[in-house]
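Asks: Take a look at the letters that make up each chain.
There are 2 protein chains.
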Amino acid sequence: MSTRIGIIGYGNLGRGVECAIRQNEDMELAAVFTRRNPSTVSVLTDTAAVCNVADVEAWKDKIDVMILCGGSATDLPEQTPEFVKHFNVIDSFDTHARIPEHFDNVDAAAKANSHVAIISVGWDPGLFSLNRLYGNAILPEGSDYTFWGKGVSQGHSDAIRRIEGVKNAKQYTIPVESALETVRSGSSPEFTTREKHTRECFVVLEEGADAAKVEEEIKTMPNYFADYDTTVHFISEEELMADHSGIPHGGFVLRSGVTGWEKENKHLIEYRLKLDSNPEFTSSVLIAYARAAHRLAKEGQSGCKTVFDIAPAYLSSKSGEELRASML
Amino acid sequence: MSTRIGIIGYGNLGRGVECAIRQNEDMELAAVFTRRNPSTVSVLTDTAAVCNVADVEAWKDKIDVMILCGGSATDLPEQTPEFVKHFNVIDSFDTHARIPEHFDNVDAAAKANSHVAIISVGWDPGLFSLNRLYGNAILPEGSDYTFWGKGVSQGHSDAIRRIEGVKNAKQYTIPVESALETVRSGSSPEFTTREKHTRECFVVLEEGADAAKVEEEIKTMPNYFADYDTTVHFISEEELMADHSGIPHGGFVLRSGVTGWEKENKHLIEYRLKLDSNPEFTSSVLIAYARAAHRLAKEGQSGCKTVFDIAPAYLSSKSGEELRASML
Numbered sequence: 001m002s003t004r005i006g007i008i009g010y011g012n013l014g015r016g017v018e019c020a021i022r023q024n025e026d027m028e029l030a031a032v033f034t035r036r037n038p039s040t041v042s043v044l045t046d047t048a049a050v051c052n053v054a055d056v057e058a059w060k061d062k063i064d065v066m067i068l069c070g071g072s073a074t075d076l077p078e079q080t081p082e083f084v085k086h087f088n089v090i091d092s093f094d095t096h097a098r099i100p101e102h103f104d105n106v107d108a109a110a111k112a113n114s115h116v117a118i119i120s121v122g123w124d125p126g127l128f129s130l131n132r133l134y135g136n137a138i139l140p141e142g143s144d145y146t147f148w149g150k151g152v153s154q155g156h157s158d159a160i161r162r163i164e165g166v167k168n169a170k171q172y173t174i175p176v177e178s179a180l181e182t183v184r185s186g187s188s189p190e191f192t193t194r195e196k197h198t199r200e201c202f203v204v205l206e207e208g209a210d211a212a213k214v215e216e217e218i219k220t221m222p223n224y225f226a227d228y229d230t231t232v233h234f235i236s237e238e239e240l241m242a243d244h245s246g247i248p249h250g251g252f253v254l255r256s257g258v259t260g261w262e263k264e265n266k267h268l269i270e271y272r273l274k275l276d277s278n279p280e281f282t283s284s285v286l287i288a289y290a291r292a293a294h295r296l297a298k299e300g301q302s303g304c305k306t307v308f309d310i311a312p313a314y315l316s317s318k319s320g321e322e323l324r325a326s327m328l
Numbered sequence: 001m002s003t004r005i006g007i008i009g010y011g012n013l014g015r016g017v018e019c020a021i022r023q024n025e026d027m028e029l030a031a032v033f034t035r036r037n038p039s040t041v042s043v044l045t046d047t048a049a050v051c052n053v054a055d056v057e058a059w060k061d062k063i064d065v066m067i068l069c070g071g072s073a074t075d076l077p078e079q080t081p082e083f084v085k086h087f088n089v090i091d092s093f094d095t096h097a098r099i100p101e102h103f104d105n106v107d108a109a110a111k112a113n114s115h116v117a118i119i120s121v122g123w124d125p126g127l128f129s130l131n132r133l134y135g136n137a138i139l140p141e142g143s144d145y146t147f148w149g150k151g152v153s154q155g156h157s158d159a160i161r162r163i164e165g166v167k168n169a170k171q172y173t174i175p176v177e178s179a180l181e182t183v184r185s186g187s188s189p190e191f192t193t194r195e196k197h198t199r200e201c202f203v204v205l206e207e208g209a210d211a212a213k214v215e216e217e218i219k220t221m222p223n224y225f226a227d228y229d230t231t232v233h234f235i236s237e238e239e240l241m242a243d244h245s246g247i248p249h250g251g252f253v254l255r256s257g258v259t260g261w262e263k264e265n266k267h268l269i270e271y272r273l274k275l276d277s278n279p280e281f282t283s284s285v286l287i288a289y290a291r292a293a294h295r296l297a298k299e300g301q302s303g304c305k306t307v308f309d310i311a312p313a314y315l316s317s318k319s320g321e322e323l324r325a326s327m328l
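So the sequences go chain by chain: B and V. Position 252 (the first sequence) corresponds to 252 in the numbering used here; numbering is contiguous. Position 176 (the second sequence) corresponds to 176 in the numbering used here; numbering is contiguous.
The hints are simulated quantities; they were obtained by calculation from the structure and are not laboratory data. The hints are all genuine.
Taking lysine to aspartate or glutamate pairs in the DMTMM-like style, the calculated list, with each CA pair at most 25 Å apart, reads: (1) B:167 x B:237; (2) B:150 x V:181; (3) B:111 x V:299; (4) V:318 x B:101.
Just need the whole structure built from these sequences, with the hints factored in.
Replies: See the structure below:
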């Protein structure tokens, strides 16, 4: 029997979830819920309903797992504890510092209503977190490194767009290759912010704007750019559309550590993602964890979980027997 | 309360487990069991008992998890189903083709005696298997690649040593860098055996042996070398000891796949291990899973498990709350 999925929020992430469902035979898209007028939203899946989010409760018995595709700043802190009252839910809440608080809110509502929630699913938090955990559990004496990129930072792109005279902009976060090589070589360096990542900006100016002034404002912007080596390129709107319309991302999680009675042996665990589409890859992770949530719910479990609490076998459509024979 | 560990078999792997226990504050080594005369075996841990394996049943209530450090060819198929009658056990059974049969044997005995077993723990099978599973679950349409090395293959080294005229030998399996780069570039190539790995042999000859004949015998040996580009270096016993006494290993698991409605976006997941000591790293994985086995047993679970069945949080000494705050 298929897992019937609902999507709340039909932006890049929601569309990514819709695409991921199509790649998984045991999944089907039941309905997309939007705050917009449903008649103005057209989805890719012929068989899926498009509904207003106000009508979501009518779908209680027709959806096995609801995937919440809103933002972490304001949507998810309210939505996840609310919708878990009626559905098993998955979210990609990614404000690391607020995860403990979000977990507690969702856990209480999930337990009170006997549903399963899996929060903070994606790649960071998500797959990167898993690799930090596995790395630390296996090499308890060592150092952790996370590098991001090369990829588009939405937050940094937005920050540039807010500058006077900027019409449009895209910012790439780029890991410093020599820093990666230093970690791989087996030393356990401590890096400054500047030593780990550089920032590259592609900026379209409004007519008559002062390029030198904009560049100076970008490079000295506190938190966002001041602590980094930043490069600014001014390009035309056409060039921006042609060469920078994708949403690639990725990065590296490394754990270096020592073993042996005298700690004489060094080890390196490196995990790397190289993603053409950040939202589509994140969505693919969400769908694998939706499979797990449905299974856990069928087992009678409830409460809030994270990727740390999910045994890997729950993510696969294959049986334990098939997995042992083909992948172990 | 500490997890009290027993070790059966005190070779490279057993000593590795002993070293790993020292790096984990919640673990203690209770006893080492050997087939040799215990008085001839000295261990590194002052507080640990050394016993004959025949006396293992006397330790039933004094050991929480027994780690079986024997070989997969003959030791583990007999030992794991036998010792799980009295203990929770971990093994590193690595004969991939025989895992389903081994699982069934261990599962029956574990359930009948209400113990937990986790089999085939290490890095391949083990961490590499996990990455194959996560990769396939997240990118269901794609290709899998596993490369091994650079590292010492015990089996290939042994095969060379059996050749007439060979006094000693060490064989390294080396991944072909250009093949790795092809996978990373985003194509989904199919490789022949020869295209993925090369083999490098360091050989010490007996006095008067015919080097050309030995080299020919190595390079044409079916299964082991005939399908590979193999390099043979003849060196002195002193050079072998000085430069090739370590047991490094490692490798790469890659999953490349596509997402999007038209499958237009490519993604690459790459997992890499670079290990100075294969047995010590494997032992570190064993100890993390011993922690999980002890917890599962305390929860009242029983039966045979693999790395696929263990939620990552069980591997860490930190609480769920600590993990969410520090690693998610």
